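Chains as they are written, first to last, in this note's numbering: chain A, 56 to 439; chain B, 56 to 439.
To be clear, the hints were calculated from the coordinates, so they are not data collected in a lab.
As the structure is a computational prediction, the values presented were derived from the model and not from experiment.
Please note: incorrect hints may appear among the correct ones.
Chain copies aren't distinguished; within one or between two, either way the pair holds.
[Unchecked claim] The calculated lysine to aspartate or glutamate pairs, modelled on DMTMM-like cross-linking and capped at a C-alpha distance of 20 Å, are:
#	residue 1	residue 2
1	Lys356	Glu132
2	Lys179	Glu342
3	Lys181	Asp217
4	Lys179	Asp217
5	Lys91	Asp107
6	Lys179	Asp95
7	Lys91	Glu137
8	Lys179	Glu105
9	Lys412	Asp338
10	Lys181	Asp145
11	Lys181	Glu220
12	Lys412	Glu342
13	Lys181	Asp193
14	Lys356	Asp125
15	Lys179	Asp97
16	Lys356	Asp96
17	Lys356	Asp400
18	Lys181	Asp154
19	Lys356	Asp197
20	Lys412	Asp217
21	Lys356	Glu128
The primary structure of each chain is shown beneath.
2 protein chains.
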Amino acid sequence: VLQSYHRLISVDDHIIEHPLVWQDRLPQRYRDMGPKVVEDDDGNEQWVFEGDVVDSSQITSGLAVSAGLDFGERTFETIRYENMRPGAYDPNARLTDMDTDGVWAQLSFPTFARFAGTRFLDAKDKQLALLCVRAYNDFIFDEWCAAAPDRYIPNCILPLWDPTEMIKEVERCAARGGHAISFPDHPHNLGLPSFHTDGWTSVFSAADAAQQTLCMHFGSGRELPATSPDAPSAVISALMGQTLFNALADLVYSPTFHRHPGIQVALAEGGIGWIPYAVMRLDQVWERYRYYGIDGQELEKTVPPSQLVRDHVWGCFIDDPVGIEQRHRIGVDRIMWESDYPHGDGLWPNSRRNAEKTFADIPDDDVLAIVEGNARRCFHFPDS
Amino acid sequence: VLQSYHRLISVDDHIIEHPLVWQDRLPQRYRDMGPKVVEDDDGNEQWVFEGDVVDSSQITSGLAVSAGLDFGERTFETIRYENMRPGAYDPNARLTDMDTDGVWAQLSFPTFARFAGTRFLDAKDKQLALLCVRAYNDFIFDEWCAAAPDRYIPNCILPLWDPTEMIKEVERCAARGGHAISFPDHPHNLGLPSFHTDGWTSVFSAADAAQQTLCMHFGSGRELPATSPDAPSAVISALMGQTLFNALADLVYSPTFHRHPGIQVALAEGGIGWIPYAVMRLDQVWERYRYYGIDGQELEKTVPPSQLVRDHVWGCFIDDPVGIEQRHRIGVDRIMWESDYPHGDGLWPNSRRNAEKTFADIPDDDVLAIVEGNARRCFHFPDS
C-alpha cells in the first residue's frame, strides 16, 4: 500500500528548455549560432540552432507538453512559451505541479538537446557544440536543481563525439555532485560505436569510477520499432519500450558489463512488465549460443545474462501493474518509478492516485523501495 | 501436472522439404526451372530454383536441422540429405522422432519455401510460382499428413502476389480439410500491402469464411529486430519473438479484426511471456490515441486491444515458464505449445520432459487446454 510517508521519486521527466538556457551561458561570440527561440512570420516560436530552424513539433508541441491538455489538444502543432504550462520550463512552477501530482522529486531529461544530448552530436561546429553541452549541464546544476536541491536529481549529457571531452565532462559533472548521465540506448544508430566495440571503454570506465548511472531513455538512440511505414503513430508509441529490450540484448551479449563491473544502467520509460520474459529469453539463447561456433565474437561463457541484468540494470515504469505483479522476478530492489511530466504517457495530476491503485496489494516495504529507496541508491540521492 | 493421458500437440515445427517435393509434382515443362537439389563441385547439395542457386545456409544447415546435433555442430554449413536426421524430411521417420520426444501431433512450416511461402513471391515466373505453391500444399496433404492424418495438422501457403489466386487456394485447401494458413507477420516488408490497407480484405474474408487460422511465424515477413549491425547473432535470436509484438501492434491498431470478426491469428515461436505486458501497453496507448487528432487514420474507438487479442490471437511457446505463470492474463484457452523440431530452439528429444517441469505446479485441466485442447479447437483438429 502506498502510505502517506512514502515520497514518490520519479526518475523520468522532461524539461522543456526555456529560450535563454544557452543564450544566458554561451560566450558572446557563439550566441547567434547557439540555440535560441525566434518568432516566425506566422507568430510561431521556433528553435533555431547554427542558423537552421529546428523542427519544433516534438519540442514545444501539445504532444511534448501534454500535462493539463485534453487529449484532443495533443497534436504536433507548436505552442508559444507564454501559452505553455510553466511547469514545463520553470523549476519553481514545476515544484507546484509536482505537489499537485503528489510527487516529491524528479530526474529530468532534456528536450531541445534531445534525450541524450544528441542535438549537439549533429552540430557542424563541434567547439560550439561542446560549449552547448556544458551550458546545458550548468543550467541543470545552477538553475534547475538549485531551485530545490532535495527535489531535483541532476541528469547530465555528454559530448558524444569526443572520448577525451566526454571523460572530462563525466568528471566535471561528478565533481558538481551529479550521479546520472543520459546516454543513448542505440549509439550505433547515431553513427557512434556500438556496445560491441571498444569505443566506449574509456568513457564507461570513467563513469564507473565516478559512480555515474547511465540513464538510457527510449528513443535516445533514435531507433524506431520495425513496423509498417503506414501504421498510425499509436503503433510506434506502443512499441517504443521494446527498443530498450533491443538495447538490453546488445548490452548483455556485449563485453560492457564484463569490463565495467560497477556500471549501472537505468532503462527509462520502457516499462518493466516485459523484463521477466526478456531475461528468461536472454538466458535461454545464451545457454545455446555460448556453445555455437557461428560468430567471430564469442559470448562470455560464465555469467548468465540474468545475473548481469540483476547486477547492472534498473527497470523504470510509469503505469505497469503487470510488471509490479512480477516484481520478484525483476528484483524489488531494481525497479524505479516514473511520472513522465509533462509528456503524454504521464498521468499528471493523477500520478500519485494511480500509484495508489498500482500498489494497493503490495507490501509497504516493497512500495518504499520501488517509489523512493531504489532511486536514492541508484542516483546517490540521500534523504536530506 | 502433465499427466500421461495428456497428448502433446505442437503447433510449430519445420519440414525440410525433400529434394523431390516439386520435381514429383510440377508439369514436365516446369521441372527444370522448378525447385530441385543439385550437387555442386565440392560435393555439397544445393537447392536451385529458376536456374539460380539458393543460399542453403538456413535450409539444410546444422542450424536449420539441429535436432540431435551437439551445439558445436550447429553452424550455417550445409549438410547432405543422406547425413541429415531423416525426421527432418521424412514423415514416417518424423513420427519415430515424435514418439521419442513424447509428442503426439505437429503442425509444420515449410523451409525451402520459407515460413509463409515467400520463396515463390520472389519468383520471376509467376505461373511457375503458382504451381509451386499448389505443389507444396498437395505435398502437405497427400504425402506428409497422409502418413498419419491423426498426428499431422496441415499448414498451407498462398500465392501472396495474387488476391484472386489466393482466394482460390484458400478455398481449395479448405476443401481438402485444411484449417491453417502460414501468413507473413510483416507483409509490408515483402513489398505487399500492410495490415492498415484494404489489400487483404478479400483474402481475409475468404479465410474467415473457410475457418482458416493464420499462422504467423516470426521471420515470415523477413523483419529483423533493430539492433547493432555488429551484434553477435544471439542478439537477433533473443529478440526475434518481439517482431511478433510489432506485428500484433500493427494488427490491433488496423481495421483487420474489426472487419473480420472470426479471423484467428496464431503467433508462432514468439513465446508468450511478453503478451501480458504487450496487451496492457496496447490498451494504455489506445486509451490515449483514440482521442488524439494526430493521424489521418483514426483508431477504432469502442473495442480495446485487449479484447481484440482475447478474441483473435493465440500465443504459442516452446519453453516459457514466465508466460505460463501469467497464463490467466493471456487466457488459458488461448495458449498453445510448440516443439520446434528440428530447429535449435527446440528441445528434442527432451520436449516432453521439459513440459513436465513447466507444468509441475499447473492444474491438469489448464495443462490439457494448453498442450492439446486449444490446438484442437484452433485448427479444427478433433481427436479421431
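Here is what the structure says about each hint:
1. Lys356 to Glu132: neither (51 Å within a copy, 23 Å between copies)
2. Lys179 to Glu342: neither (45 Å within a copy, 41 Å between copies)
3. Lys181 to Asp217: Within one copy only: 9 Å inside a chain, 54 Å across chains, cut-off 20 Å.
4. Lys179 to Asp217: within (14 Å within a copy, 50 Å between copies)
5. Lys91 to Asp107: Within. Shortest intra-copy distance 10 Å satisfies the 20 Å Cα cut-off; inter-copy 59 Å does not.
6. Lys179 to Asp95: Classified as neither: same-chain Cα gap 23 Å, cross-chain 54 Å, threshold 20 Å.
7. Lys91 to Glu137: Close inside one copy (16 Å), not across copies (71 Å); limit 20 Å.
8. Lys179 to Glu105: Cα proximity of Lys179 and Glu105: one copy only (8 Å, versus 51 Å across).
9. Lys412 to Asp338: between (33 Å within a copy, 17 Å between copies)
10. Lys181 to Asp145: neither (28 Å within a copy, 64 Å between copies)
11. Lys181 to Glu220: within (11 Å within a copy, 59 Å between copies)
12. Lys412 to Glu342: This pair counts as between: shortest inter-copy Cα distance 18 Å, intra-copy 39 Å.
13. Lys181 to Asp193: The answer is within: 18 Å in one copy meets 20 Å, while 64 Å across copies does not.
14. Lys356 to Asp125: between (52 Å within a copy, 17 Å between copies)
15. Lys179 to Asp97: Neither, since 28 Å and 53 Å both go past 20 Å.
16. Lys356 to Asp96: The answer is neither: 62 Å in one copy and 38 Å across copies each exceed 20 Å.
17. Lys356 to Asp400: between (39 Å within a copy, 19 Å between copies)
18. Lys181 to Asp154: Classified as neither: same-chain Cα gap 40 Å, cross-chain 66 Å, threshold 20 Å.
19. Lys356 to Asp197: neither (46 Å within a copy, 46 Å between copies)
20. Lys412 to Asp217: So Lys412 and Asp217 fail the 20 Å test inside a copy (46 Å) and across (51 Å) alike.
21. Lys356 to Glu128: Classified as between: cross-chain Cα gap 18 Å, same-chain 52 Å, threshold 20 Å.
When held up to the earlier numbered hints, the structure conflicts with 1, 2, 6, 10, 15, 16, 18, 19 and 20 and fits the remainder.
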